Amino acid sequence: MHNHGAVGLPLGFTLLRLILLGAVTVVAGWALVRPFVPAASGLLTRRVVTGFAGIGGVVVLLIAEATWMPSLAAVALIGLLAVPPALRGARPVLGKLVVAAAVLVTAAAGAWFSGPPSSFAYITLMAAFVGVSWLALCPPTAMVRVVGAALGVTLLAGLGQVTIAGQLTTPATGDPLLTRVALGPSPVDVLVVPHMPGWNIVHTTDTPLSVGNAPNALVPALPRDGTTGRWALVWLPEGRGELWLDRAGTRTTVPVDPGKVAWTGPDVRGPEGPDYASAVLAAKLTGKRGDLPWPALTDADAEALRGQVAAIGGPFTVLTDDSRRAAEAAEVVREEAARRGYAVTPGTSEVLVLGGTPPSGARHHLAPWLVPPDLTTPEARRYARTLSAAFPGAAPSRSGLAAWAG
Amino acid sequence: MVDTHAHTHAVGGPLNTRRHKPALYAFTLIVLAHWAEHITQAVQIYALGWPVPQAKGALGLWFPWLVSSEVMHYGYALIMLVFLFALRKGFVGRSKTWWTVALGLQFWHHIEHLLLIIQASASTNLLGKPAPTSIIQLIIPRVELHLFYNTVVFIPMVIAMVLHMRPTPEERSEMHCTCAVPAGASA
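Sequence lines, in order, name chains A and B.
Quick note on numbering: the first sequence equals residues 1 to 406 in this note's numbering.
Quick note on numbering: the second sequence equals residues 1001 to 1187 in this note's numbering.
Since the hints were derived computationally from the structure, they do not count as laboratory data.
These numbers come from a predicted model, not from an experiment.
Some hints here could point you the wrong way.
[Stated by the list, open to error] With the Cβ distance kept under 7 angstroms, some of the chain B side facing chain A (calculated, not the full set):
1. Thr1100
2. Ala1122
3. Ser1123
4. Thr1124
5. Leu1127
6. Gly1128
7. Ile1135
8. Leu1138
Every residue, glycine too, gets a C-beta built ideally from N, C-alpha and C.
Just chain A, same shape as in the assembly (with noise of 0.2 angstroms):
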């Protein structure tokens, strides 16, 4: 099948998600109203009625990427919802009989189908759409008008689920994504960097969970040295998807769209993916866009790590990790202990701290960066107290201290 990628509108899904809005609107309105008008509706009440259920049914269709439900089911449902529009004349007999067949579904998914989250909710939706359609068809005697009501109210109600759930939010494409999900006892905050196709470092509430891009793809996401809560990688394709998250059994998923253009930045799995995450996080707690460069060597830091040289006096010890930084900071380090004569080897008792885990035993100074920030200022207390709010159990760094203030 040839590629048939057209350009998306920035707006296209938010256009999706107004066209519902507004077919919700109309559908549930009528048949919220329709107890209180006895009167059997115009032919162009009926059209407009039964053409906005059919328009909204589509659009739920294609909101909630059904990859659970058969393409038969689909092809039937679709049909349930242009018919009505088309008819001239009331069909009352059909008509209750589609309602009921609808009803039947919605209440056998509920009773056995155990799909996605949101799943029920957006089959309760497409069954509402299909039933206050076809009651349109049908003179407006008690029953009718009562049970359109109740559908009515089911259309409110499943909007309103997908709505909390947040499975019609449209996160910014290849925009650092932060965001906060129910799942079980207690809400988890969710960092994905960089959030654009490929890996993404994705950061969370310290809780035991599983991330993933799909419910059989799912790894824990675990705690690393020198950092705060719990850390997955997961791989993300283009366009818009979906992140799962799993917590004792309990899951959920969280609207991606990493957008099509891929990450040309240093590989975020390696050792400063959780640094470059926490200014990230801080950046993106300004109301900042989060991506930002990644973390350098700066000339400051280059100047801190000559005059560390210069305060161990003597011989010492350069631990790294596989991290760019880490690399140049050691390169500058070795210079100066050359310029000064002092010998690099491993095994002393001081030992300068460029990446890694420090050791036990030993005395480490820590690179400028990984030393802990000073939260004494009013505008570090701001940050940390911000992110005490958003992220909960998040430890303020330097490099989120900088981003924030920068």
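For chain A, the structure is supplied; the task is to place chain B on it using the hints.
Showing chain B alone in chain A's frame:
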């Protein structure tokens, strides 16, 4: 002098009277060109065994965006729909019936393309499929489906045109265009 202005309006204006024949020629040219693209694509896939993503018809080999753009496909479907609707009033009798059949089928074809362009624009596909998918495409693959759609619209269109060129005497008396072949030639 008889004022035919009002009557011309009643049968759809110059497009369905004195310009009906050239309009139908122009429309036929567009349809045949599009048809040729689909036939070429089908030959590339079934006779030459090309992978579907590489089978881009004729023009599509030089201008791939013509094939890959949902906007193009929708635009063409809309143009066909507009022409079928706009030229309908010039037909009478049997030819009008066949032309209306083509119009109805093309309306559905257009709805399928509308659904595709909505999905592409909203970056969300039906049933979470990897590519925009129309309703009947849930059952029949895209290339074959749209080949079918173009066929079922083309056939009644051609029948309508043939009958329009060879009308019965009663139909000829109701026609206001110059599409019909002279009476002696159609006998």
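Going through the hints against the structure:
1. With a cut of 7 angstroms, the hint placing Thr1100/B at the interface with chain A is violated, because the nearest CB-to-CB distance is about 16 angstroms.
2. The beta carbon of Ala1122/B is positioned within 7 angstroms of a beta carbon in chain A (closest approach about 4 angstroms), and the interface hint is therefore held.
3. Annotation: Ser1123/B was flagged as interfacial toward chain A, and the flag holds, the nearest CB pair being 4 angstroms apart, inside 7 angstroms.
4. Annotation: interface hint on Thr1124/B holds; nearest CB of chain A at approximately 5 angstroms, less than 7 angstroms.
5. The beta carbon of Leu1127/B is positioned within 7 angstroms of a beta carbon in chain A (closest approach about 5 angstroms), and the interface hint is therefore held.
6. The beta carbon of Gly1128/B comes within 4 angstroms of a beta carbon in chain A, closer than 7 angstroms, and the hint placing it at the interface holds.
7. Below 7 angstroms, beta-carbon pairs count as interface contacts, and Ile1135/B has one with chain A at about 5 angstroms; its hint therefore holds.
8. Satisfaction of the interface hint for Leu1138/B is found here, the shortest Cβ-Cβ separation to chain A being roughly 4 angstroms, below the 7 angstroms cut-off.
When held up to the earlier numbered hints, the structure conflicts with hint 1 and nothing else.
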